[in-house]
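Student: Read top to bottom, the protein sequences are chains A and B. In terms of this note's numbering, the first sequence is numbered consecutively and its last residue is 202. In terms of this note's numbering, the second sequence is numbered consecutively and its last residue is 429.
Calculated from the structure, these hints are not laboratory results. Be aware that a few hints might be false.
Residues of chain B clear of chain A, computed beta-carbon distances all greater than 12 Å [said to hold, decoys possible]:
(1) L56
(2) F175
(3) V349
(4) M418
(5) L422
(6) R424
(7) F426
Stretch-level coverage of chain A by chain B, calculated; a stretch enters the list once three of its residues show a Cβ under 8 Å from a Cβ in chain B [to be verified]:
(8) 15 to 21
(9) 78 to 89
(10) 102 to 115
(11) 138 to 147
Glycine residues also receive a C-beta, built at the ideal position from the N, C-alpha and C atoms.
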Amino acid sequence: MSSAPDRVHDAVAAISLWMARAGGCLLLLVSVLISIEILARKLFLLPFGIGTELSAYALAIGASWSFAYALLHRAHVRIDVLRNLRPPALQALLDFLALLSLAALALVLTWYAYDTAETSWALGARENTTLGTPLIIPHGLWLAGLAWFALVCLEQLAVALLAFARGGVLALIQHAGPAAMEEELGDVLALADPPLAGARPR
Amino acid sequence: MTPTSLGLLLLFLGLSLPVAAALMLLALSLGQLFAKLPVHLAMGEIVWSASSNTLLVSVPLFILLGEILLRSGIADRLYNSMSQWLAWLPGGLMHANIGACMVFAATSGSSVATAATIGTVATPVIKKYQYGERLFLGSLAAGGTLGILIPPSINLIIYGWLTETSVPQLYLAGFVPGIVLGLIFMATIVLCCLVRPEWRGVAIESSWASRVESLGGLLPPFAIFLIVIGSIYAGFATPTESAALGVVTALGLAAINRRLTFAMLLQALDGTMRTTGMIMLIVAAAWFLNFVLSAIGLVNALNSFITGLGLSPASMLGAIIVFYLVLGCFMEPLPMMIVTVPVVTPVIVQAGYDPVWFGIMIVLLCETAMITPPVGVNLYVVQGVRGRGSISDVILGVIPFIASLVLMILLIIAAPGMVLWLPRLFGMH
Chain A
1 MSSAPDRVHD AVAAISLWMA RAGGCLLLLV SVLISIEILA RKLFLLPFGI
51 GTELSAYALA IGASWSFAYA LLHRAHVRID VLRNLRPPAL QALLDFLALL
101 SLAALALVLT WYAYDTAETS WALGARENTT LGTPLIIPHG LWLAGLAWFA
151 LVCLEQLAVA LLAFARGGVL ALIQHAGPAA MEEELGDVLA LADPPLAGAR
201 PR
Chain B
1 MTPTSLGLLL LFLGLSLPVA AALMLLALSL GQLFAKLPVH LAMGEIVWSA
51 SSNTLLVSVP LFILLGEILL RSGIADRLYN SMSQWLAWLP GGLMHANIGA
101 CMVFAATSGS SVATAATIGT VATPVIKKYQ YGERLFLGSL AAGGTLGILI
151 PPSINLIIYG WLTETSVPQL YLAGFVPGIV LGLIFMATIV LCCLVRPEWR
201 GVAIESSWAS RVESLGGLLP PFAIFLIVIG SIYAGFATPT ESAALGVVTA
251 LGLAAINRRL TFAMLLQALD GTMRTTGMIM LIVAAAWFLN FVLSAIGLVN
301 ALNSFITGLG LSPASMLGAI IVFYLVLGCF MEPLPMMIVT VPVVTPVIVQ
351 AGYDPVWFGI MIVLLCETAM ITPPVGVNLY VVQGVRGRGS ISDVILGVIP
401 FIASLVLMIL LIIAAPGMVL WLPRLFGMH
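With these hints in hand, go ahead and build the complete structure from the sequences.
Tutor: This is how it looks when you write it as structure tokens:
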């Protein structure tokens with residue numbers, strides 16, 4: 001079978017995964033920064049406060065960079081109780097609609113985020129803080145995450161259509177259907193926290 | 001306006017569109033139908049302001065904290081200590097399940113993390129001590145829900161953000177109900193074991209010496225609790241800063257237990273970002289929807305609509321509770337909160353109820369939502385860590401605890417002072 005779409009998809013998945021991880025690292029870094037700040041404030045009476053501002057950017061960027069990753073793991077929740085009662089053909093249609101609506105959301109968000117970023121670029125806007133961050137930096141990175149999310153939504157739509165063309169309704173459901181609860185929690189459950197020897201009551 | 005909005009929301013959610021997409025579609029349709037000004041032009045600014053909200057930073061940080069604690073190796077000694085102290089009660093280690101969940105809840109803002117962490121160490125002993133397996137599993141799923149009632153709590157942070165209620169006050173308000181609910185869970189276990197003695201399991205012997213010795217296992221969770229919660233009330237840190245301190249402390253504990261590896265950190269980050277992506281996309285859409293709702297005056301319209309019904313405050317509260325109990329069967333708690341709280345809270349506050357008190361009520365309803373099938377996340381977590389048998393064992397086992405939660409809901413209606421006593425004691429309320 002043609003493996004070109006597969007190769008594209010592997011790349012999309014890898015990029016999405018590492019973007020999410022990069023976003024997570026930002027959050028980890030601001031945690032460390034804020035902790036240092038608090039220690040400096042309390043122990044050495046050194047007041048400096050950039051952590052809070054940076055953490056807000058880390059949230060916006062980290063979140064937008066993880067939207068695509070969450071999509072690929074079907075983590076964007078749907079209320080699927082009614083859907084599950086429908087015949088497969090209708091389920092497939094609903095799954096396709098779900099993907100389509102998410103793509104629309106992503107495109108709309110990207111469009112208006114571009115607007116915002118473009119304005120702060122044109123005005124050379126800076127955050128009104130000691131750091132005086134040029135807003136185009138956080139806005140631009142935020143926009144990049146949203147744009148990637150929109151791209152991945154479109155790619156997923158294409159993959160779903162391809163699956164439908166090849167394997168019909170069931171293939172589409174398998175690709176675009178909601179994740180089973182067990183699957184969704186897969187990682188929490190693969191936590192592998194092996195018991196410490198002898199710590200259990202005998 | 002109110003019927004159209006509600007109808008569209010039900011239609012979009014009923015079509016099983018992703019919650020975030022449904023909210024955005026609703027916002028754009030309502031803006032198109034009812035707004036006098038082109039509200040969508042403000043979308044970029046509004047979504048950015050929600051996405052970069054400094055209070056909301058604590059949400060992914062608490063998810064990350066939970067993911068790290070889950071893998072940090074602190075749960076075993078905590079569980080051991082709780083079993084030394086509590087397993088003499090009828091129902092044995094089931095009380096340790098509740099006790100360990102209560103302690104863990106004081107370090108974790110997430111119920112999934114609580115149920116998964118304690119479930120992992122507890123489930124292997126079910127067969128060994130011949131417990132009634134269903135009730136044992138139920139006690140884990142229910143005990144885990146305490147994660148969001150006993151502070152810190154992701155749900156209380158989201159509630160505080162949505163309703164502009166003080167998070168430190170909400171945290172204080174959660175303490176007493178959290179402890180009382182834990183005790184009610186334990187009483188439920190005793191009661192079940194008195195009715196069905198075959199569920200009790202084999203008694204576990206302990207001595208005072210080993211009890212005292214086991215207390216060391218409580219030190220790591222106590223340290224995190226002291227740092228995360230203590231730093232807020234000592235005036236060291238904002239709720240967000242305290243979450244950051246918690247993450248760093250948890251990393252330190254994991255390192256001490258030799259669990260801190262690159263692979264472990266990546267696993268924790270992956271889990272965190274999946275949940276963060278899901279929540280923040282809903283937050284972004286919901287915040288824009290809230291903007292549209294206030295622009296078209298829907299909250300006021302809804303308020304006068306409900307006032308027009310001539311319901312007494314008590315019957316309105318009753319209707320809202322039933323609404324959440326039903327909705328909670330089909331919806332995960334956080335999306336449920338983000339969608340409903342901005343509209344419901346003004347109505348309930350208008351009727352004379354306290355917003356801090358109502359925050360605790362919402363959390364109790366979220367806890368119930370976590371263990372009511374078919375969509376009850378904790379049921380699946382416990383089934384997952386058990387790794388065998390059928391989910392229906394957990395569902396059947398949790399029924400007595402659903403009754404306990406309903407009892408608790410009635411209890412805070414009858415005695416609202418239970419919720420507000422501690423915030424008042426600290427002079428914050």
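Student: Against this structure, judge whether each hint is valid.
Tutor: Results of checking the hints against the structure:
1. A Cβ of chain A approaches the Cβ of L56/B within 12 Å, the least distance being about 6 Å, so the stated non-interface status is violated.
2. Its beta-carbon lying about 23 Å from the closest one in chain A, F175/B satisfies the requirement of being farther than 12 Å from that chain.
3. No Cβ of chain A comes within 12 Å of the Cβ of V349/B; the nearest lies about 27 Å off, and the non-interface call holds.
4. Against the 12 Å criterion, M418/B stays outside the reach of chain A, whose nearest CB is about 32 Å from its own CB.
5. Non-interface call for L422/B relative to chain A: holds, since the shortest CB-CB distance, roughly 25 Å, exceeds 12 Å.
6. With a closest Cβ-Cβ approach of about 28 Å to chain A, R424/B is found to remain outside the 12 Å limit, as its non-interface label requires.
7. No Cβ of chain A comes within 12 Å of the Cβ of F426/B; the nearest lies about 21 Å off, and the non-interface call holds.
8. With 3 residues carrying a beta carbon less than 8 Å from a beta carbon of chain B, the segment 15 to 21 of chain A meets the three-residue requirement, and the given coverage holds.
9. Chain B is given as covering the segment 78 to 89 of chain A, and this holds because 6 residues of the stretch bring a CB closer than 8 Å to a CB of that chain, at least three being needed.
10. Only residues whose C-beta sits within less than 8 Å of a C-beta in chain B count toward coverage, and the segment 102 to 115 of chain A has 9 of them, enough to reach three; the restraint holds.
11. Residues of the segment 138 to 147 of chain A lying with their CB closer than 8 Å to a CB of chain B number 3, which satisfies the three-residue condition for coverage.
Consistency with the previously given hints fails for number 1 only.
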